[in-house]
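There are 2 protein chains.
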Amino acid sequence: MFAKKIITIALLVSGFAAKTQSTSSLNLLPTPRNVELQPGSFILTENFNVAIHEAAGDTILVKALNRMYQTLNRRSGLYFKQRYISSKNNSDTASLQVTVDKSVPPLPGVDESYSLSITNNRVNLKAPTTLGALHGLETILQLLTKNKNGEFFFPVIAIQDAPRFSWRGLMIDVSRHFIPVDVLKRNIDAMAAVKMNVLHLHLTDNEGFRVESKTFPQLQNKGSNGDYYTQAQIKELISFAEGRGIIIVPEFDMPGHTKSWFAGYPQLASTPGPYEPGPPIDFHSVKQMDLSSIMQLVNNAPFPAIDPTKESTYEFINKFIAEMSSLFSSPFIHIGADENNGVAWKNNPSIVAFMKAHNIANTHALQAYFVERVNKIVAKHHKQMIGWEELFSKNLAKDVTVQVWQNAAYTKQALDNGNPVLISKGFYLDLFMPAYVHHNNPDLPAALPGENTRQLRGGEAAQWAEVADRTNIETRMWPRAAAIAEKLWSDTLNNDADDLYRRLFVLSEQLDESGLQHVANYEIALRRYTNDDVGSLKTLTDVLTPVKGYKKLFAQLMMPESMSYQTAPLVQVSDIVFVDSKVKWKFRAAVKSYLEHKDIASENILRNYLNLWQKNNDQLKDLFVTSPQLKRVEEHSKNLSVIATIGLEAIDKLKSGTADSNWINEKLSVLKNTNQVYGETELSVIPEIETLVRQQMTPLPAAYSIF
Amino acid sequence: MFAKKIITIALLVSGFAAKTQSTSSLNLLPTPRNVELQPGSFILTENFNVAIHEAAGDTILVKALNRMYQTLNRRSGLYFKQRYISSKNNSDTASLQVTVDKSVPPLPGVDESYSLSITNNRVNLKAPTTLGALHGLETILQLLTKNKNGEFFFPVIAIQDAPRFSWRGLMIDVSRHFIPVDVLKRNIDAMAAVKMNVLHLHLTDNEGFRVESKTFPQLQNKGSNGDYYTQAQIKELISFAEGRGIIIVPEFDMPGHTKSWFAGYPQLASTPGPYEPGPPIDFHSVKQMDLSSIMQLVNNAPFPAIDPTKESTYEFINKFIAEMSSLFSSPFIHIGADENNGVAWKNNPSIVAFMKAHNIANTHALQAYFVERVNKIVAKHHKQMIGWEELFSKNLAKDVTVQVWQNAAYTKQALDNGNPVLISKGFYLDLFMPAYVHHNNPDLPAALPGENTRQLRGGEAAQWAEVADRTNIETRMWPRAAAIAEKLWSDTLNNDADDLYRRLFVLSEQLDESGLQHVANYEIALRRYTNDDVGSLKTLTDVLTPVKGYKKLFAQLMMPESMSYQTAPLVQVSDIVFVDSKVKWKFRAAVKSYLEHKDIASENILRNYLNLWQKNNDQLKDLFVTSPQLKRVEEHSKNLSVIATIGLEAIDKLKSGTADSNWINEKLSVLKNTNQVYGETELSVIPEIETLVRQQMTPLPAAYSIF
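Residue numbers (the numbering used here), protein chains in the order written: chain A, 1 to 707; chain B, 1 to 707.
Derived by calculation from the structure, the hints in this document are not laboratory data.
Check before you lean on any hint, since a few could be wrong.
As the list claims (entries may be wrong) - Counterexamples of contact, computed for chain A against chain B with all Cβ distances above 12 Å:
hint : residue
1    : Y69
2    : D111
3    : G150
4    : P180
5    : A408
6    : L630
Claimed, not checked - Here are the simulated DSS-like cross-link-like pairs (lysine-lysine), alpha carbons at most 25 Å apart as the crow flies:
hint : chain 1 : residue 1 : chain 2 : residue 2
7    : B       : K631      : A       : K148
8    : B       : K412      : B       : K398
9    : B       : K538      : A       : K586
Where is the CB? At the ideal position from N, CA and C, for every residue including glycine.
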């Protein structure tokens, strides 16, 4: 119901197009709906102070305002005279005036709009609700800039902003690898910075049951290695997220992905136990992880699944959902319902007999029966159900939300059927795709063509955690998730990848400064290899990226048994390098500028990088001897030297106009040979060297294969 | 009572001296009691596995063993075949055999000894208790080394180890700046790595009341800015620490340092309110922060203090201590009792009348009366009381522990009186003293001269937090705290500073790898200045250290009001640089080696540094313009270039034998002029350049002034 309202607002104001031509100096991410940038600036001094005009007792707002104020204080180093901001501070002469009509806790669908007006002596933030104000505070932080004299300022500007979608989520799989509360908190802060509003926790899967049940304590005791969230931690996390305008939606994946449940409660399973948490099948039974082997596996392996034919199953689920409904304040509960191929059901004669007896034609219909039963339970406990696309059937209750992850046909079917829809297809962060690919995601409908898209609530970035743990999950997700946040927030997207990356890397520094550990964890991982100065190693790893698609996951699964288990260390180079190389994009910007202007400044940037890369392999020889992880990417190091030499030659040729087609073809052939995967990583700057050789920009692929 | 036992053990075995001559290749910190290093090594492979032989159900041990195993797995990158270690794994052929006689939770005084024997095919760890085994696991981790082929190994070795003192603590002030739970957890892991066993939390002070009371909720609600530990968080923290062999001792500082208590409960105060949390007095009333002004202030200012004459005070304290005694499992409660000068009491006529009526001669006697009343309350709730040295009086109950922080005379007096003693004098980390100064702390009695030292329980490193917050407290404390941990653990200390620093910086890398954020926070702070590559800036800040003693604190207090409040950002260079410069010690080692051997390897190290430093100021010019924080240390940057030039000249003179006394005196005079404090930082490598000029090692000062 609330989805209607926000979409109506979106339609009403869609006439305002963001004035991108005048705002290319701004670092706003996501781009606001309407921005009017004017000359002039508001200079910050130690007298910068804040007044609040609000419904009394909006503690979420007051706390957020103090956090924002201290971040400004820390970034600017100005030592503001105002110490704390309380709701008593309402002087009309304060520098920043914050006016909020209504105090509300976070909930998708609530009015999240705000307007921000900055003159050279006043900042005015107005919002109908707390949530809009929180977003406005993040925009203020993103507007802070330093001028050449070291003064911090805001530009004179007027912004009217509201999100396109009411549901802008991030899903984190905390089952395959447990992610501690402090890491989640840092991610919540990062989500708030880019105006996301739903943290979806994939709390249970075959590999681990990660939330404390007091009703069924063997769920976490036998279903995990001891790593799970206590109920006290969950409450604290919900409260922390609420303070950032974010709700936490719990997922309890069923009827498949349930091996960890069966460790303590084997009576729930379709197949006799005993069970222990772990991968659903032995992946080493497959000889080769190619597409056909995988499809064969997905279709035919007897993945563990709950028995949907026993009444005791629903009694269990009822008690469990009752407990979780009271623990989680979110009005939504996600029940997964993905990737159940029905094989375990077909293998059980009593389930087959039940199907016959009840005229259930096939296992898909049996799953629909299960989903319907569970939905009644969820509804009884006053929650709305969400599931992955496989939960969809024509008879699905209209208030159940369908989350599309693989098959875009479900988007249309579910919308036609009247169900709310969330899009995660094209937003899988664990596929190691560049940010611009997510930003252009074709699976999120670009326009609002008709009535049935009213239920298109938004979408979620998704981070599965087979090859992510607490030591690297931040480098896996950030800053890329911000591109998805923008895709879900902004009506009119500027699809210029250069501009996206310009803003993304500024944001990345801000997230670093605010406490996210994505940069720190990368550098800690580098120090693990060297025990000292990481200089030359970083020169190499700064231009390496993980191989795109499922290749990294499959490599992990196909490794000797010892390498694919949950506690296996994630210390390969492919586990630690960023998916988007900042150096690649800086180099690319210089290449572009140089081709356009032939300017000495760009040439110097290019030559500095190329000279560094050319000599770098010599510095690393000793390290390769002592580190098997680094040894796996040694070819990239050699190739970096090779392509740097080509790049330097290309600049010389370009200046002297002596690049003939023979030379070009020869070099392109060399470059093609260097374009290989070693140690599940790719050398990211080959297209830019190719550009120098060709003397024209190599276009970015719109997408990459996921296999 | 338990102190007796451990000291007896110490006396019995003190005949074994650590064989330091043969162990200089080891990186053990603290140094074990007895080490026999032999030729050979145990090479780690993916088959490395573990068996446990223990009293059933030692979950602390099993979890610690799994953590240690995964750390080895991550450091070595070997992908061990064993996934989890459970108490069912007790095969006699496993690589690591862990045998523990008795399962015990942490408690100072319990037997913490262990013996470790490593042959070329077996590691044997034996301990009478869980606590000894935990220490042994840390020793195993510290023994892991990589050879030149990249293989990880343990040396063949036999170790017998036990601590000199039963109480090896770290006190963290979480009141002046609140330190979140996740930061405390990282510190607990670091403490465990160096075998510390007590985390003393200074939970309350004028500036903030940091623990939730359900009995008196206005303590945290009005007594803090909203930053406090909930009781659920405290329970979780205690359990986390227990798993690392560490107890948490809470401090509720009274009767002084109580302004935050009075915000919610002004009836407790000696002076009418209203109150709010904050500094006890206005430090800006003092014109100059010199020693005599400070003493005047300390003696004469009316610092807020609890009224010790009302029965209602003790009713309040009784209820409060009852609640906290049940929340904190530690058998100890610290009541502070420091720095109450009695002025607030003397100013209150009814308190003066009470003293007359009860023949209480002076405010010191009144404090003794208060302490005695509170001790009865603490004892009633089955806890042992601890307080800072000012709580001592001749009539103090014999089971009350005295923590000496300022006046060494209290050590003798308290021991003579029969009271247990903890030493913190000489262990104040917030005085920014180099690690070697703490390591040589003369205030911890070196030997065990007589009977009355039986009660010398040990000591505590102390980190007060006026100028430390969550963003920099790890860089303030680590790795220095490890030097204190060693001082408290090891019987026979090797006081060679070079050897200490060699081990300290190896440990620092291990702590970094394990998740402590001391290195990461330094680098995040550097990126805050530059928003990008920190290369040249880091070259400068790597050799800067905070000014020693209270000068940094006083500078902060004397700054304009806005700079000294609790939420003031700690973003000055002096807030972020390490107290011990790793580069300084690497440079110093090369200087020493070069003077001794005149070798080309050392000369190259020196020249590389000196050339880098000589040119570095040129790289930083733009940054100084845009950052007022960096601007404050610009003179150091210029001086670094100046002294680097002198260093290069000195090497040339040394090689050509042309350094005459005129040249030497001239250069020493220049060096003396560069030896200044800018922006509360010092340039740390001046003594090493002086050494090159003099051609002889400049001895390290044994101590530095604290004012």
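Going through the hints against the structure:
At roughly 8 Å, the least C-beta separation between Y69(A) and chain B is not larger than 12 Å, which violates its mark as non-interface. The beta carbon of D111(A) is kept farther than 12 Å from every beta carbon of chain B, the shortest such distance being approximately 27 Å. Look at G150(A): its CB is around 4 Å from the nearest CB on chain B, not clear of 12 Å, so calling it non-interface is violated. Once the 12 Å rule is applied to beta carbons, P180(A) is inconsistent with being away from chain B; the minimum gap is 8 Å.
Distance check for A408(A) against chain B: the nearest CB is about 38 Å away, which clears 12 Å, and the non-interface claim stands. The claim that L630(A) lies off the interface is violated: its Cβ sits roughly 9 Å from the closest Cβ of chain B, which falls inside the 12 Å cut-off. With a C-alpha separation of about 14 Å, the suggested pair K631(B) and K148(A) falls inside the 25 Å cut-off, and the hint holds. With a CA separation close to 14 Å, the supplied pair K412(B) and K398(B) stays within the 25 Å bound.
A threshold of 25 Å between alpha carbons decides the hint, and for K538(B) with K586(A) the separation of about 22 Å falls inside it, so the pair holds.
Hint check: violations occur at hints 1, 3, 4 and 6; the rest are consistent with the structure.
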